[in-house]
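So you can see what is in the structure, the chains are spelled out below.
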Amino acid sequence: MQLKNLDRGGALVALTLMAVLPLVFDSKYLMGVLTVAAIYGIWSVSWDFMSGLTGRENFGHSLFIGVGAYAAGFLNTTWGANAWWGLPAGMLAAVVFALIMGIPTLRLKGPYFALAMLSGAVIMQRLMLIFWKFTGGEEGINGIEPLIRSPLYFYWFVLGMLVFTAALLGGLARSRWGLILKAIRGDEATCQAAGLNVTYYKIASLVISAAFAGMGGALYAHYQLQVSPQLFAVVTSITIITMVYVGGMSTIYGAIGGALLLTLMTEMLRDFGEWRLMIYSVALILILFFLPQGLVAPTWKKIRRLLARGRS
Amino acid sequence: MLEILIFGAVTSAIYAMLAVGFTLIFGVARILNLAHGSFYALGAYGAYVLTTIFKVPLIVAAPLVVVGVALFGMVVERVLIRPMRKSQLAVLMISLAISLVVEQALFLTFGSEYRNVPSFIDQKYVIGGVDVAGQRLLTLLVSVVSISGLYLFIQKTRLGSAILAISQDPEAAQYMGIPSDRIFGVVMAMSAGLAALAGIMAGPFLSVQPSMHLLPIVKAFAIVVVGGLGSIPGSIVAALMLGYAETLVAYGISTSWTEIVSVAATLLMLVLSPAGFFGKRAAF
Amino acid sequence: MSLLSVRNLDKRFGGLHAVKDVSLEVHQGDILGILGPNGAGKTTLYNLLTGFIKPDNGQVILNGQSLLGIPSHKVVGLGIARTFQLCRPFVGLTVLENVMVGSLGPRVPKVDLEKRAHKLLEQVGLTGKAETLSELLSYGDQRRLEIARALATEPRLLLLDEPFAGLGSGEIAALSTLIRDLHREQGLTIMLIEHKLREFMQLVSKVVAIDFGQVIGTGSPQDIVKNPKVIEAYIGKQDADYAA
Numbered sequence: 001m002q003l004k005n006l007d008r009g010g011a012l013v014a015l016t017l018m019a020v021l022p023l024v025f026d027s028k029y030l031m032g033v034l035t036v037a038a039i040y041g042i043w044s045v046s047w048d049f050m051s052g053l054t055g056r057e058n059f060g061h062s063l064f065i066g067v068g069a070y071a072a073g074f075l076n077t078t079w080g081a082n083a084w085w086g087l088p089a090g091m092l093a094a095v096v097f098a099l100i101m102g103i104p105t106l107r108l109k110g111p112y113f114a115l116a117m118l119s120g121a122v123i124m125q126r127l128m129l130i131f132w133k134f135t136g137g138e139e140g141i142n143g144i145e146p147l148i149r150s151p152l153y154f155y156w157f158v159l160g161m162l163v164f165t166a167a168l169l170g171g172l173a174r175s176r177w178g179l180i181l182k183a184i185r186g187d188e189a190t191c192q193a194a195g196l197n198v199t200y201y202k203i204a205s206l207v208i209s210a211a212f213a214g215m216g217g218a219l220y221a222h223y224q225l226q227v228s229p230q231l232f233a234v235v236t237s238i239t240i241i242t243m244v245y246v247g248g249m250s251t252i253y254g255a256i257g258g259a260l261l262l263t264l265m266t267e268m269l270r271d272f273g274e275w276r277l278m279i280y281s282v283a284l285i286l287i288l289f290f291l292p293q294g295l296v297a298p299t300w301k302k303i304r305r306l307l308a309r310g311r312s
Numbered sequence: 313m314l315e316i317l318i319f320g321a322v323t324s325a326i327y328a329m330l331a332v333g334f335t336l337i338f339g340v341a342r343i344l345n346l347a348h349g350s351f352y353a354l355g356a357y358g359a360y361v362l363t364t365i366f367k368v369p370l371i372v373a374a375p376l377v378v379v380g381v382a383l384f385g386m387v388v389e390r391v392l393i394r395p396m397r398k399s400q401l402a403v404l405m406i407s408l409a410i411s412l413v414v415e416q417a418l419f420l421t422f423g424s425e426y427r428n429v430p431s432f433i434d435q436k437y438v439i440g441g442v443d444v445a446g447q448r449l450l451t452l453l454v455s456v457v458s459i460s461g462l463y464l465f466i467q468k469t470r471l472g473s474a475i476l477a478i479s480q481d482p483e484a485a486q487y488m489g490i491p492s493d494r495i496f497g498v499v500m501a502m503s504a505g506l507a508a509l510a511g512i513m514a515g516p517f518l519s520v521q522p523s524m525h526l527l528p529i530v531k532a533f534a535i536v537v538v539g540g541l542g543s544i545p546g547s548i549v550a551a552l553m554l555g556y557a558e559t560l561v562a563y564g565i566s567t568s569w570t571e572i573v574s575v576a577a578t579l580l581m582l583v584l585s586p587a588g589f590f591g592k593r594a595a596f
Numbered sequence: 597m598s599l600l601s602v603r604n605l606d607k608r609f610g611g612l613h614a615v616k617d618v619s620l621e622v623h624q625g626d627i628l629g630i631l632g633p634n635g636a637g638k639t640t641l642y643n644l645l646t647g648f649i650k651p652d653n654g655q656v657i658l659n660g661q662s663l664l665g666i667p668s669h670k671v672v673g674l675g676i677a678r679t680f681q682l683c684r685p686f687v688g689l690t691v692l693e694n695v696m697v698g699s700l701g702p703r704v705p706k707v708d709l710e711k712r713a714h715k716l717l718e719q720v721g722l723t724g725k726a727e728t729l730s731e732l733l734s735y736g737d738q739r740r741l742e743i744a745r746a747l748a749t750e751p752r753l754l755l756l757d758e759p760f761a762g763l764g765s766g767e768i769a770a771l772s773t774l775i776r777d778l779h780r781e782q783g784l785t786i787m788l789i790e791h792k793l794r795e796f797m798q799l800v801s802k803v804v805a806i807d808f809g810q811v812i813g814t815g816s817p818q819d820i821v822k823n824p825k826v827i828e829a830y831i832g833k834q835d836a837d838y839a840a
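Protein chains in written order, with our numbering: chain E, 1 to 312; chain W, 313 to 596; chain A, 597 to 840.
Incorrect hints may have been included.
[To be verified] Straight line, CA to CA, 30 Å or less: simulated DSS-like cross-link-like pairs of lysine-lysine:
(1) E:Lys301 with A:Lys670
(2) A:Lys725 with E:Lys302
(3) A:Lys670 with E:Lys109
Note that these hints are calculated values from the structure, not bench results.
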């Protein structure tokens with residue numbers, strides 16, 4: 001009980017800090033960075049929900065992000081719809097692709113599923129370039145309208161969506177869903193023998209993961225005001241996976257911490273210019289070797305223990 | 313028609329060199345090494361550095377680079393991959409991270425412009441009315457020789473038998489006293505060396521830039537999945553299939569569709585028949 | 597009253613005729629033993645009964661309802677639960693969580709999941725270990741966990757696959773008592789595959805002997821050991837000890 005309250009307290013403090021930070025520093029730049037961090041947070045949380053819990057790592061998460069973004073972009077520019085339609089459209093597009101990709105590939109073993117999803121993202125990226133007449137090719141779609149004109153209010157909206165995503169997916173992770181997904185990670189056949197429709201849960205969790213990734217993609221489109229095939233790149237998927245590893249796999253809240261940390265680190269490394277990606281990749285290797293449990297979640301758990309002991 | 317035949321063969325030859333190494337390390341160590349493309353890139357860049365900067369003649373540089381990359385492969389396997397071997401996914405991630413580090417290192421050192429790797433043969437030949445660069449023909453020859461050499465090595469030598477034993481049953485091999493770990497290092501070296509050789513041979517007529525490792529690894533994976541993970545003959549057959557499929561697409565439709573061919577082939581094969589045509593180990 | 601009716605069940609794997617025209621009846625309250633040497637097709641039979649694999653021919657009827665074509669997770673929902681020869685706990689989950697996963701099926705009464713799981717652990721004797729990671733349990737405890745997890749699905753029929761394998765004599769005795777208690781107190785119908793003949797004979801009320809996929813004899817434990825075909829196929833020289 002006490003741990004739960006500490007968790008809630010910690011979340012509240014973190015949320016308030018994030019909401020207030022740009023006001024305190026009155027920096028448009030900081031707000032931009034935090035907005036991107038929050039969107040990455042949504043993407044990371046959605047990845048953790050499926051891949052973190054079931055252990056079926058998806059190397060093609062960028063597929064859902066990209067189709068969500070492009071769906072929102074198309075809707076807004078080519079079809080002139082109101083920007084707000086982009087969000088449900090992004091979710092829907094991502095869900096459709098999750099079904100198309102997921103149903104045939106979810107029965108594959110770990111690495112093959114990962115690479116199959118990666119292939120999907122690569123194909124999509126290629127297709128965006130090949131059909132440049134419709135998709136704008138390398139330059140993508142430009143001139144997307146912002147959702148909310150005020151950068152501050154948009155940032156708070158994104159934060160709100162992040163909280164919504166984390167609360168929903170975190171809640172699911174703590175419920176029977178989470179238990180079943182973790183059992184699937186433990187032993188699929190036994191799970192089936194215990195009376196659970198494993199296929200359904202695998203597909204459903206991928207679909208849910210995709211929906212939120214697509215929503216994040218739509219948000220990103222309305223933030224950057226443009227989308228390009230770069231969104232489908234492997235780098236995007238790997239970055240998100242790194243964020244979840246840093247945060248702590250399957251913890252859901254850790255992913256947010258990881259997203260924040262890495263986005264901030266990327267910005268601070270901007271001075272290093274071209275060395276950024278290199279430092280990133282080396283960091284990933286170091287984390288895989290020395291911090292398989294991640295950084296954020298274990299740290300929070302230690303803090304929590306100290307606080308709990310301090311109280312009693 | 314003859315054009316397609318010849319260029320398809322050259323393309324297949326390069327892919328075969330990459331795929332055979334990739335499937336070899338998988339067959340022996342159950343590792344999907346996503347850094348395999350990096351060995352290819354390092355081969356090309358190594359040749360560039362030695363010949364252009366250090367003015368070493370290509371005929372001397374080539375074997376030096378092959379050995380150098382082979383050693384690099386051994387070190388990478390020993391230091392970074394072996395500790396992660398308990399989880400196939402961890403190996404996947406680590407090898408991917410390594411490939412990114414190598415890519416970045418190449419980018420930081422050489423920039424993103426295309427570099428020139430010298431050819432062994434500069435002249436063009438005319439075969440049946442078709443202009444073919446001598447280098448391409450040489451590549452075809454080198455590929456056939458090196459892969460045959462590798463195949464003979466595995467079939468005829470003691471080390472080769474050990475390798476076969478480990479790929480069939482790693483535990484039993486260990487009970488027989490075969491030092492699996494040391495052999496993994498050797499196989500990795502061979503696999504890396506072969507990939508580097510492909511880079512040296514193909515460098516003159518394919519693009520040499522830091523991200524050149526990506527497409528080859530995607531294609532190697534495609535070939536190995538289609539041909540069957542762990543099967544060398546399977547990889548050769550599948551390399552031919554992919555090489556010709558790509559050439560046909562390039563001539564028939566357009567070159568921008570060629571990458572999709574390999575990726576789509578992988579996807580379809582994974583979904584329809586994960587064991588490939590010859591492979592014994594399924595992806596299930 | 598027949599709970600499970602198996603008629604002419606047949607299954608081939610390529611050239612191997614794993615299960616050949618097998619018929620048997622399980623009545624409510626039985627403890628039916630399945631006897632047979634390794635490779636006789638006993639586990640394949642279980643796989644067929646639970647819907648893990650589809651038979652080529654034959655009928656499986658549970659309480660009047662045909663189980664053919666029903667996916668395995670739904671068969672559990674109809675009341676058949678099984679354990680496996682090799683214990684397979686959910687790695688990464690605690691003992692309690694393992695049992696809770698088993699409690700998510702449709703037959704389970706709508707009570708507090710955790711409380712029910714604790715009660716089940718009590719029944720199998722794993723109370724102190726609720727928070728332990730399941731993969732860290734001793735072999736004997738993992739067996740109990742398997743049974744608890746199977747019981748969690750609220751089965752009508754429990755299929756046990758060599759529950760005593762790999763256990764020491766003390767653990768075997770304890771597990772044997774547990775199985776007998778489950779049968780007596782809950783009226784649970786049980787099918788038992790087991791090679792440890794002494795315990796086997798003491799537990800079962802009826803035996804079906806299988807060899808090379810075929811039924812070679814049915815009857816009470818006393819009758820079965822005297823059946824010449826069974827002796828020839830399985831017991832061999834040891835019959836002298838067990839007939840005594």
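Right, here's what the structure says about each hint:
With a C-alpha separation of about 40 Å, the suggested pairing of E:Lys301 with A:Lys670 is violated against the 30 Å cut-off. Simply put, A:Lys725 and E:Lys302 have alpha-carbon atoms about 25 Å apart, close enough for the 30 Å limit, and the pair holds. Taken as a hint, the A:Lys670 and E:Lys109 pair is honoured in the structure, with Cα atoms around 24 Å apart against an allowance of 30 Å.
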